[in-house]
Amino acid sequence: MEIKQLINDCKNNNRKAQEQLYRLYAPKLFAVCLKYSRSYSEAQDHLQDGFLIIFDKIGQFSFKGSFDGWLKRIMINNVLQQYRSETFLSLVKEEIPEEIEIEIDDENISLDYLLKIIQELPDRYRLVFNLYVLDGYSHQEIAEMLNVNIGTSKSNLARAKMILREKIEHYKNEENKIFPSAK
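Each residue of the sequence shown is one higher than the one before, starting from 1 at the first, in the numbering used here.
Hints may be right or wrong, so weigh each one.
Label pairs and their in silico Cβ distance ranges [as the list claims (entries may be wrong)]:
1) ASP135 with GLN48: 19 to 25 Å
2) ARG23 with LEU114: 43 to 49 Å
3) LYS11 with LYS172: 24 to 30 Å
4) LYS64 with ASP135: 18 to 24 Å
5) ARG15 with ASN147: 34 to 40 Å
6) GLU174 with ASN8: 50 to 56 Å
20 Å max Cα-Cα, derived SDA-like pairs, lysine to any residue [as the list claims (entries may be wrong)]:
7) LYS4 with LYS16
8) LYS172 with ASP112
9) LYS154 with ASP135
10) LYS64 with ILE7
11) LYS57 with GLN18
12) LYS28 with SER39
13) LYS28 with ASN12
14) LYS161 with GLY151
15) LYS154 with LEU80
16) LYS4 with SER39
17) LYS4 with TYR25
18) LYS116 with ASP135
19) LYS11 with LEU34
20) LYS4 with LEU114
21) LYS4 with ASN14
22) LYS161 with LEU146
23) LYS72 with VAL133
24) LYS72 with TYR22
25) LYS57 with GLY69
26) LYS167 with GLN119
27) LYS154 with LYS172
28) LYS161 with LEU114
It should be emphasised that the hints constitute simulated quantities derived from the structure, not laboratory data.
For glycine and all other residues, C-beta sits at the position ideal for the given N, C-alpha and C.
Using the sequences and the hints, build the whole thing.
Spelled out as structure tokens, the structure:
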């Protein structure tokens, strides 16, 4: 079935079309939810809630722009909405550390480990890190999405990078203790 027809059928509340749309997009959208969630089970909840919103709002999709992008934006906004009511996003004014680069030149660091340490970040750091680094939003856009100022967004990103760099360095040091390189 062509995607345009599938979308139109979903607009008409066709349950089989909704199921097909879910099966088609759930894996990709689950990856989005997983990036922004604290855990696997929380990501599953966000995915289900997000699809309810998608099916509720699909009538608003006007075939202008990417359907994939529209779906992803709904998922991200759904996850962020869960956090907006919490006070963890506000920070007292702080000096913004200079930009920290994280270099991952070690093939021994798995994607699973990287996802795990990103999920372990405090909520405010994880959300800003994902929005900025993984999804390419500007600090201005992040500030608007999270209802914080730009300085808070920059500070949260710097702190997230610092934490991740420390965890990666610790991981590499532990790996070197277990498997010292032959010299």
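Okay, the hints, checked on the actual structure:
For the hinted restraint 19 to 25 Å between ASP135 and GLN48, the CB-CB distance of approximately 21 Å keeps it satisfied. The hinted range of 43 to 49 Å is not satisfied by ARG23 and LEU114, whose Cβ atoms lie roughly 28 Å apart. With their beta carbons about 51 Å apart, LYS11 and LYS172 fall outside the hinted range of 24 to 30 Å. Range check, LYS64 to ASP135: about 21 Å between beta-carbon atoms, so the 18 to 24 Å window is met.
Distance hint check: the CB atoms of ARG15 and ASN147 are about 36 Å apart, consistent with the given range 34 to 40 Å. The hinted window of 50 to 56 Å between GLU174 and ASN8 holds, with their beta carbons roughly 54 Å apart. About 15 Å separates the Cα atoms of LYS4 and LYS16, which keeps this hinted pair within 20 Å; it holds. Straight-line distance between C-alpha atoms of LYS172 and ASP112 comes to about 15 Å, which keeps the hinted pair within the 20 Å bound.
The straight-line distance between the Cα atoms of LYS154 and ASP135 is roughly 15 Å, inside the 20 Å bound, and the hint therefore holds. With a CA separation close to 13 Å, the supplied pair LYS64 and ILE7 stays within the 20 Å bound. A hinted pair counts as satisfied when its Cα atoms are at most 20 Å apart, and LYS57 with GLN18 qualifies at roughly 13 Å. For a cut-off of 20 Å, the pair hint linking LYS28 to SER39 stands: about 17 Å separates their Cα positions.
A hinted pair counts as satisfied when its Cα atoms are at most 20 Å apart, and LYS28 with ASN12 does not qualify at roughly 24 Å. Pair hint LYS161 plus GLY151 holds up; C-alpha atoms about 15 Å apart against a cutoff of 20 Å. As the CA atoms of LYS154 and LEU80 are separated by approximately 18 Å, the hinted pair is consistent with the 20 Å bound. With a C-alpha separation of about 33 Å, the suggested pair LYS4 and SER39 falls outside the 20 Å cut-off, and the hint is violated.
Distance restraint check for LYS4 and TYR25: the Cα-Cα separation of roughly 14 Å lies within the 20 Å cut-off, and the hinted pair is therefore satisfied. Taking the CA atoms of LYS116 and ASP135, the gap is about 18 Å. The hint holds against a cut of 20 Å. A hinted pair counts as satisfied when its Cα atoms are at most 20 Å apart, and LYS11 with LEU34 does not qualify at roughly 27 Å. As the CA atoms of LYS4 and LEU114 are separated by approximately 36 Å, the hinted pair breaks the 20 Å bound.
Among the hinted pairs, LYS4 with ASN14 is consistent with the structure: their alpha-carbon atoms are about 14 Å apart, no more than 20 Å. Proposed proximity of LYS161 and LEU146 is supported: the alpha carbons are some 19 Å apart, at most 20 Å. Distance hint between LYS72 and VAL133 is fulfilled; the C-alpha atoms sit about 16 Å from each other, no more than 20 Å. Note on LYS72 and TYR22: the hinted pairing holds, with a Cα-Cα distance of about 13 Å set against a maximum of 20 Å.
Our distance criterion of 20 Å between C-alpha atoms is met by LYS57 and GLY69, whose separation comes to about 14 Å. For the hint linking LYS167 to GLN119, the alpha-carbon distance of about 12 Å falls within 20 Å, and the restraint holds. The suggested pairing of LYS154 with LYS172 is violated, with an alpha-carbon distance near 27 Å, which exceeds 20 Å. A hinted pair counts as satisfied when its Cα atoms are at most 20 Å apart, and LYS161 with LEU114 qualifies at roughly 12 Å.
Checked against the numbered hints above, the structure violates hints 2, 3, 13, 16, 19, 20 and 27; every other hint is satisfied.
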